[in-house]
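Asker: Below, each chain spelled out in residue letters.
8 protein chains.
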Amino acid sequence: MSNAQVGIIMGSQSDLNIMEEAAKILKTFGITFEIRIISAHRAPDLLSEWSGSARERGMKVIIAGAGGAAHLPGVTAAFTTLPVIGVPVRSRISIDGWDSILSILQMPSGVPVATVALDAAKNAGILAAQIIGTHDEDVEKKLADFKVEMREKVIASGQELIDKGY
Amino acid sequence: MSNAQVGIIMGSQSDLNIMEEAAKILKTFGITFEIRIISAHRAPDLLSEWSGSARERGMKVIIAGAGGAAHLPGVTAAFTTLPVIGVPVRSRISIDGWDSILSILQMPSGVPVATVALDAAKNAGILAAQIIGTHDEDVEKKLADFKVEMREKVIASGQELIDKGY
Amino acid sequence: MSNAQVGIIMGSQSDLNIMEEAAKILKTFGITFEIRIISAHRAPDLLSEWSGSARERGMKVIIAGAGGAAHLPGVTAAFTTLPVIGVPVRSRISIDGWDSILSILQMPSGVPVATVALDAAKNAGILAAQIIGTHDEDVEKKLADFKVEMREKVIASGQELIDKGY
Amino acid sequence: MSNAQVGIIMGSQSDLNIMEEAAKILKTFGITFEIRIISAHRAPDLLSEWSGSARERGMKVIIAGAGGAAHLPGVTAAFTTLPVIGVPVRSRISIDGWDSILSILQMPSGVPVATVALDAAKNAGILAAQIIGTHDEDVEKKLADFKVEMREKVIASGQELIDKGY
Amino acid sequence: MSNAQVGIIMGSQSDLNIMEEAAKILKTFGITFEIRIISAHRAPDLLSEWSGSARERGMKVIIAGAGGAAHLPGVTAAFTTLPVIGVPVRSRISIDGWDSILSILQMPSGVPVATVALDAAKNAGILAAQIIGTHDEDVEKKLADFKVEMREKVIASGQELIDKGY
Amino acid sequence: MSNAQVGIIMGSQSDLNIMEEAAKILKTFGITFEIRIISAHRAPDLLSEWSGSARERGMKVIIAGAGGAAHLPGVTAAFTTLPVIGVPVRSRISIDGWDSILSILQMPSGVPVATVALDAAKNAGILAAQIIGTHDEDVEKKLADFKVEMREKVIASGQELIDKGY
Amino acid sequence: MSNAQVGIIMGSQSDLNIMEEAAKILKTFGITFEIRIISAHRAPDLLSEWSGSARERGMKVIIAGAGGAAHLPGVTAAFTTLPVIGVPVRSRISIDGWDSILSILQMPSGVPVATVALDAAKNAGILAAQIIGTHDEDVEKKLADFKVEMREKVIASGQELIDKGY
Amino acid sequence: MSNAQVGIIMGSQSDLNIMEEAAKILKTFGITFEIRIISAHRAPDLLSEWSGSARERGMKVIIAGAGGAAHLPGVTAAFTTLPVIGVPVRSRISIDGWDSILSILQMPSGVPVATVALDAAKNAGILAAQIIGTHDEDVEKKLADFKVEMREKVIASGQELIDKGY
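Residue numbers (the numbering used here), protein chains in the order written: chain A, 1 to 166; chain B, 1 to 166; chain C, 1 to 166; chain D, 1 to 166; chain E, 1 to 166; chain F, 1 to 166; chain G, 1 to 166; chain H, 1 to 166.
None of these hints come from the bench; they were simulated from the model. Careful, some of the hints might be misleading.
Claimed, not checked - Which chain E residues face chain G? A few, computed with CB under 8 Å, are given here:
(1) R36
(2) I37
(3) I93
These numbers come from a predicted model, not from an experiment. Glycine included, C-beta positions come from ideal geometry on N, C-alpha and C.
Based on the provided sequences and hints, a complete structural model is requested.
Answerer: Right, dumping it as structure tokens:
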């Protein structure tokens, strides 16, 4: 087991190409993470074990991605007091992502999942950084820089248009 | 623990008025059942314990009702080789039942849930009887009688209209 | 007529590539089946004949796949006391599968159809095996093995990730 | 059996308050009709008998209303070459009428159902009159008068507003 | 102007590849037709002229296809007492066909449109034939033959499967 | 005929309680208007006459409200070069407003309708004022005051909360 | 800063291929415009600055395109009394355009956005011309010519079909 | 200005009865908060001021509730590096909550909003506590107790059923 600040989990390796965007952005913020394949339906005992011990292993946030009847984020949230971020994945079986979104978002009272946009694993990583940044000035500084950078990029992109004569 | 043939579970007592329709129809077929409040999100360890031992306790079918991000039927199916019937409930939090339906129906490959119509606990009970009836001639006989009775009722209802002069 | 335990029916040969997944998984469980093209709209008399005699021919479960205004599973259920599993197919005419799902799932009181996920014929096969497995220890044993195998695969897939250094 | 020009059928008496709007408007056009409770799921043999003989009994059009997984109009169309008008009913089980609409409208190639708006039994009656009116000058004359009357009503309603000083 | 029994209209030539399916099936039933490009939004005066005189030109049925905010069928129905069949087209601008379906189907009281499935111009043609067939024994005979042929095709298709050893 | 700057039209008097919100807000901006019942389906000739002459009568903007298969705004736009604002009405027949929205919004290329939110006749009135305000300094001044007033109200409402001790 | 009559803004350069259709049609009407990349989420201060000064810079209409949680049109409308036209873009992240449409259309009372169809930037340009045309006879004349031209094209397209023998 | 750890904002006082559930649960966790009415559309300058200074005023998390075209959470997230939790409100104007959900959830890359279920302000409060609890052992302890309490309640509720003889 790693000493990761963020755990990134998904039910199957087919979601990895979406979910590794979370890992990439966390790396740019200098936040440690681990990626695991953990299934709520195929290995539920491992999920309870991994989730139930996440906090005592030093983890701060869990990011869980799933598609279709996407139970992984919600069941993870049942086993921990850590904030769980859910990424609805538009997987092969999914009906345009509606099933993924609704089965992650519409959690019952008492057990929230912080849901981000469809396939938005990068935003899940940023949100995890924001959560860590509430108590880590270094991460907060990087988030502020990231915001400045986004602003500059959008201005540059606009200037490019003006230069082209629009 | 009872010796019930069918287990009827739901995540909260607020679903009882819907779910007891399953119990009522099972009673008319002479099938034993138990009703339990078991939550995938609030007491997940009890769910795994109850579901994991259902078969060895003699149970044949599980009926699970849930609304919103309705994980109970799917997570139950993770713990047992028994057929699990899911009843999507149009609960207070639910968005017209769409979340309930999609998060029960759209299960990943390998872990099916036999989903019935929105709030259709009575049909869940009939389906459970049909499953038991595949190997129980007495139950099958009662199902055949039930079909005859439905037919007669619809014919009587039609005759009533004709008698009224339509 | 065969002595199949499971009947797999569909309205047109264009659904065969989806529906034969049910046959494949049934074969691995050692369950006999027959596949038939039977249309609720183009040959309704054959449907009533085939469905109405299924039980006395020794059948235990019927799996019916259909797309668009998908009436085959529901009309089949009208003619038999056997459990009918409905597979909503995302066929060419279908509106992203919504019509297929709703016209199979939302059956009236008294005539349930056990609906599985969109295009999930494999899960329909597993559900049929679970139904047979309620009274067949050999099948139940294979289902338990299947669950263990799924668990091992997901763990292996997770280990692969860890080995790659994630 | 009556000598009705139009047959109005529905699966249950609970749809009668909606469906009798079709009867009322047909009466104003001087078109004969019969109303029957006929269920595709509870008495399928009667449906095939009634539908299959409708043409030879002199019927010209069939109007079928149903809600939820609404199979009645489509299965009726399987048994006759008469035009079948489908009325999607927003019944108690229905999900805001979406299931009723899609399971009536989305018929496969070869077996059309002429679908009207949700709960629009009156429009179904008018459409039946239009079909009869293609070969019946008296009915056509009444339809033309009906159009004039609608026009006058909307003009009067507009004048009323003007008179009120809007 | 032709002496067509059926008028097939659409708002733009881009819908022709869908709509000519109606023409093809009408031809097999020996029913005459004309195809016209008539736009409710770009040449509304022509629409009122063409629709308003359709009956006196001997037309029996109008088939109108449109996509997006599909007003053509409904506005046509405003100008004639003939039955109007609407074909919702899944055109480039359309949102998966939902806009096309709802803006054709949900007509106000008094002005029905006989709506068929998404892109189902062939079914629109069959429905037009059924309407004409209510008073034309030759067409009715061809419709009955068409039904027999469909039945035989589906049986042959099923036999093919059996022959392959399924 | 009045000398109104804005024409407010609807297909039936039942939409008046929604649509008069447009009139009320226009009155506060000192903009003249007329309200008319004009139906695209019941009196299409009057619609073309009224719409076709609106500009020469001095009108600047047309607001058209409709529900269900809501063709009034789009067909109005076919007859005039004036901007047409469409108000989707959640009328009795409408499916939660979806049909109203899509049949107004999704207009084909060349014939736009400026669509506002469901039942948002007040916003339609404000938008009409904004259009007139592009060339009328007095109206623009009133719109600017209206914005200041909205801002003050929301601040006052917030202060009220603070005063209550939240 | 230009002296454009119309400002066309979008949140990212990836929407340019859609949005430049607005520019193209404005050019044919002889209306000046500027295109800018301005983001409600990445450079909100620039948006308030640009929108807040648009009127005093002589602008008459703003066209704002956005996809997903599309806040640009609505937030722009918060800063100006000019009419704001919103173009919902079916961008990569968007769920078939539903999110884009609803987050632009459903503005609260007091702050309207004139919404056009999905990806309908050309219609946004025409609507902007119609707004300018309410007080500019030259633009109005061009809009009337544009309508005539559309009419002629649809008639020519219809004639082409007739010539081909349909 | 208070020294609150959590800021709860909404666009209008009409959302207060939903949003104060967040305040109530925060109070039970001993977390300080302030509630403010701040509108993205009616007082956008105040929103940028309040959001932009939230972190330096010691705030850790912002909860923003909104309905319809719900821009408040997303625009807030544009002005701060703090985590923003969005509560989609099923307000009067909203279309069953779909607009509220999609316009909060589907944020573009770079600016996440942690979305919870429809009207789930209580869950927003719990999520805020979980975020604070990542670095505050006292809060974490209370969250763990809250989980135990939920578990006990569900068990008691189940026992009650058993005692009643189900």
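Asker: Are E/R36 and chain G close enough, Cβ to Cβ, to be under 8 Å, as the hint says?
Answerer: 6 Å, holds
Asker: Using the nearest Cβ pair, does E/I37 come within less than 8 Å of chain G?
Answerer: 4 Å, holds
Asker: Close enough to count: is the Cβ of E/I93 nearer than 8 Å to one in chain G?
Answerer: Holds - the Cβ of E/I93 comes within 8 Å of chain G, reaching about 6 Å at its closest.
The earlier numbered hints are all upheld by this structure, with none contradicted.
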